[in-house]
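Trainee: What follows is the residue order along each chain.
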Amino acid sequence: MSLSKLNSLYREVILDHADHPHHKHALTDATTTMTVKNPTCGDVINLDIDLNEDDVITNIGFTGEGCTISQSSASMMSDAVLGKTKDEALKMAKTFSDMVMGKQHDQADLDELDDAAILSSIVSFPARIKCATLSWWALQRALLSNQQEESDGEA
Amino acid sequence: MKTDISDLRGDFPILDQLVNDEPLTYLDNAATAQKPNQVVAALTHFYQTDNANVHRGVHTLAERATAAYEDARHKVTHFINAAEPAEVIFTKGATDSLNLIASTYGEANIEAGDEIVISIMEHHSNLIPWQQLALRKHATLKYIELTPTGELDMADAETKITDKTKIVAVAHASNVMGTVNPIAALTKLAHQHGAIMVCDGAQAVPHMPVDVQALDVDFYAFSGHKMMAPTGIGVLYGKRDLLAAMPPYQFGGEMINFVHRYESTWNELPWKFEAGTQNIAGAVGLGAAIDYLENLGMSNVQAHEQQLVNSLLPQLTADHQIEVYGPHDPARHTGVIAFNIKGLHPHDVATALDMEGVAVRAGHHCAQPLMETLGLVATARASLYIYNTQDDVDRLIHALNETKEFFSHELIKAE
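Here the protein sequences line up with chains A and B, keeping their order. Under the working numbering, the first residue of the first sequence carries the number 1, and numbering increases by one thereafter. Under the working numbering, the first residue of the second sequence carries the number 1, and numbering increases by one thereafter.
Just so you know, these hints were derived from the structure itself, not from any lab. This structure is a prediction, so every number in the text was calculated from the model and none was measured. Please note that the accuracy of each hint is not assured.
Lysine-lysine pairs mimicking DSBU-like chemistry, simulated, CA-CA at most 30 Å apart [what the hints assert, rightly or not]:
| # | chain 1 | residue 1 | chain 2 | residue 2 |
| --- | --- | --- | --- | --- |
| 1 | B | K239 | A | K24 |
| 2 | A | K84 | A | K37 |
| 3 | A | K91 | A | K130 |
| 4 | A | K94 | A | K5 |
| 5 | B | K239 | B | K160 |
| 6 | B | K92 | B | K239 |
| 7 | B | K142 | B | K160 |
| 8 | A | K130 | B | K342 |
| 9 | A | K5 | A | K84 |
| 10 | B | K342 | A | K5 |
| 11 | A | K24 | A | K130 |
| 12 | A | K130 | A | K94 |
| 13 | B | K137 | B | K188 |
| 14 | A | K91 | A | K24 |
| 15 | B | K404 | A | K130 |
| 16 | B | K142 | A | K130 |
| 17 | A | K24 | A | K37 |
| 18 | A | K130 | A | K37 |
| 19 | A | K94 | A | K37 |
| 20 | B | K142 | A | K37 |
| 21 | B | K188 | B | K160 |
| 22 | B | K142 | B | K92 |
| 23 | A | K103 | A | K5 |
| 24 | B | K188 | B | K142 |
| 25 | A | K94 | A | K24 |
| 26 | B | K92 | B | K137 |
| 27 | A | K130 | A | K84 |
| 28 | B | K137 | B | K164 |
| 29 | A | K5 | B | K404 |
| 30 | A | K37 | B | K164 |
| 31 | A | K37 | B | K404 |
| 32 | A | K37 | B | K342 |
| 33 | A | K24 | B | K92 |
Cβ-to-Cβ under 7 Å is the rule here; a few derived chain A residues that face chain B [claimed, not checked]:
| # | residue |
| --- | --- |
| 34 | L6 |
| 35 | T68 |
| 36 | W137 |
For glycine and all other residues, C-beta sits at the position ideal for the given N, C-alpha and C.
Please take these sequences and the hints and turn them into a complete structure.
Mentor: What follows is the structure, encoded as structure tokens:
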């Protein structure tokens, strides 16, 4: 049965996160919010982040509908970056992006991603890479837009 | 005429391959159709023996290329029963054709307070040009809604189309719901109120006999690539009087008569709307695709797809784990079938089907307002064509069952 190939993508960890996503709720008064859309399928992720004055992510939540991959990726991403600084989180987003594109990365960087590193198998399913990266893209945009506002404020 | 479909499949070598170690089952024909050897050969022949620019130069190749290009226009004229070749304009595709109407006829004729009426099942290509025209002109855009079974609500059409309506634009066949809309009746209604009728035939022309004069539509748009022609070639049919009164779409070579320093005059129809060097080989390919379809007979094409729908649709609607959008009556359904496995996202379903060699579309099908109306983000969509067989239908059903089994714990959650 050729669906056995699917086992490499739909691993138990991924299905668990999709069935019981962590941090799937909106935050009230989040310091940063970002909505991104996957134009190919219409999936939407709304990401809320609380950043404290030391640029540490103290709270994170997401809402939106999507496939198994995008939902579990958002759940694993939220787990991974909670408690990290903005710079650490941006570095993780870069590692994740490189990983799903099949680029080599230090094992130490991949370990930082925690459960999310399991999505490296998406390399064999190129049509689904956007599903995996949607929430990380939202994270990047949220953190960078925040920086943009700050630098605007200083200027 | 060929009637043996297994014979016909030999014309499409692309279908004879393994995808993920399974025989390819191509069910994404509403997105684009595969091309038979005859169409590919026509392109090769044109480029190897006749290639030149058209309507320019007196040399032999230019003559031959022009003859081939205009011969293709004659084939289209006959195929859709236009009154004359002057009413057949070559475009990039249905989207380009519809934009042309909105940018020329629409720009010249729509004023503040006028109404444009479209349907909620329109593809973005027959929606955004009118939405943006309405915004530019401060006109009102109105939508004809659906009946509970997913068909166009003609009672709603009768209230939405009024004496203020200037343009009615509706798809001949839906790219999501699998419905065929009553275009002749809508056209009559539009004309009673003094509006013109625009029809998007992208999902109709490849699959059923179309007679633009019998429909009495004012404009009719379609793409070549969904009817086995190359990408980048399409058609806008328009009634001569309307086309003659319209300003040009684009300016440049070919579309002019005289050009002076400070003013110009325009070429005759249809060339007034064909600025710059056109997709000449694409038109030749479209002519070859029309030859291929006419050899089969459009009624036979339609009957073959209907036979497959009669098998596929009841199997899907009978499955309580599958939700089918659009009419459930096979007799009221084209070969475009949108569905979801309950509790599963269509992207996950499409990936699983792909592992079984089955190619379907998953997404919003460029019809986001329709998806919103149906309360959906996305659906899977299987769409048939003349080269599909009962084997393909059986493989889809088998692959769907495998998919349900693979994701069974997710499905239990959704029960």
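Trainee: All the hints need checking, so say for each whether the structure fits it.
Mentor: Hint-by-hint comparison with the structure:
{"no.": "1", "hint": "B/K239 - A/K24", "in the structure": "violated (56 Å)"}
{"no.": "2", "hint": "A/K84 - A/K37", "in the structure": "holds (25 Å)"}
{"no.": "3", "hint": "A/K91 - A/K130", "in the structure": "holds (19 Å)"}
{"no.": "4", "hint": "A/K94 - A/K5", "in the structure": "holds (27 Å)"}
{"no.": "5", "hint": "B/K239 - B/K160", "in the structure": "holds (25 Å)"}
{"no.": "6", "hint": "B/K92 - B/K239", "in the structure": "holds (19 Å)"}
{"no.": "7", "hint": "B/K142 - B/K160", "in the structure": "holds (7 Å)"}
{"no.": "8", "hint": "A/K130 - B/K342", "in the structure": "holds (23 Å)"}
{"no.": "9", "hint": "A/K5 - A/K84", "in the structure": "violated (35 Å)"}
{"no.": "10", "hint": "B/K342 - A/K5", "in the structure": "holds (22 Å)"}
{"no.": "11", "hint": "A/K24 - A/K130", "in the structure": "holds (20 Å)"}
{"no.": "12", "hint": "A/K130 - A/K94", "in the structure": "holds (14 Å)"}
{"no.": "13", "hint": "B/K137 - B/K188", "in the structure": "holds (26 Å)"}
{"no.": "14", "hint": "A/K91 - A/K24", "in the structure": "holds (23 Å)"}
{"no.": "15", "hint": "B/K404 - A/K130", "in the structure": "holds (24 Å)"}
{"no.": "16", "hint": "B/K142 - A/K130", "in the structure": "violated (35 Å)"}
{"no.": "17", "hint": "A/K24 - A/K37", "in the structure": "holds (17 Å)"}
{"no.": "18", "hint": "A/K130 - A/K37", "in the structure": "holds (10 Å)"}
{"no.": "19", "hint": "A/K94 - A/K37", "in the structure": "holds (19 Å)"}
{"no.": "20", "hint": "B/K142 - A/K37", "in the structure": "holds (27 Å)"}
{"no.": "21", "hint": "B/K188 - B/K160", "in the structure": "holds (14 Å)"}
{"no.": "22", "hint": "B/K142 - B/K92", "in the structure": "holds (27 Å)"}
{"no.": "23", "hint": "A/K103 - A/K5", "in the structure": "holds (22 Å)"}
{"no.": "24", "hint": "B/K188 - B/K142", "in the structure": "holds (18 Å)"}
{"no.": "25", "hint": "A/K94 - A/K24", "in the structure": "holds (23 Å)"}
{"no.": "26", "hint": "B/K92 - B/K137", "in the structure": "holds (26 Å)"}
{"no.": "27", "hint": "A/K130 - A/K84", "in the structure": "holds (24 Å)"}
{"no.": "28", "hint": "B/K137 - B/K164", "in the structure": "holds (14 Å)"}
{"no.": "29", "hint": "A/K5 - B/K404", "in the structure": "holds (15 Å)"}
{"no.": "30", "hint": "A/K37 - B/K164", "in the structure": "violated (37 Å)"}
{"no.": "31", "hint": "A/K37 - B/K404", "in the structure": "holds (27 Å)"}
{"no.": "32", "hint": "A/K37 - B/K342", "in the structure": "holds (23 Å)"}
{"no.": "33", "hint": "A/K24 - B/K92", "in the structure": "violated (45 Å)"}
{"no.": "34", "hint": "L6", "in the structure": "holds (6 Å)"}
{"no.": "35", "hint": "T68", "in the structure": "holds (5 Å)"}
{"no.": "36", "hint": "W137", "in the structure": "violated (16 Å)"}
Violated hints, listed in ascending order, are 1, 9, 16, 30, 33 and 36; each of the other numbered hints is respected by the structure.
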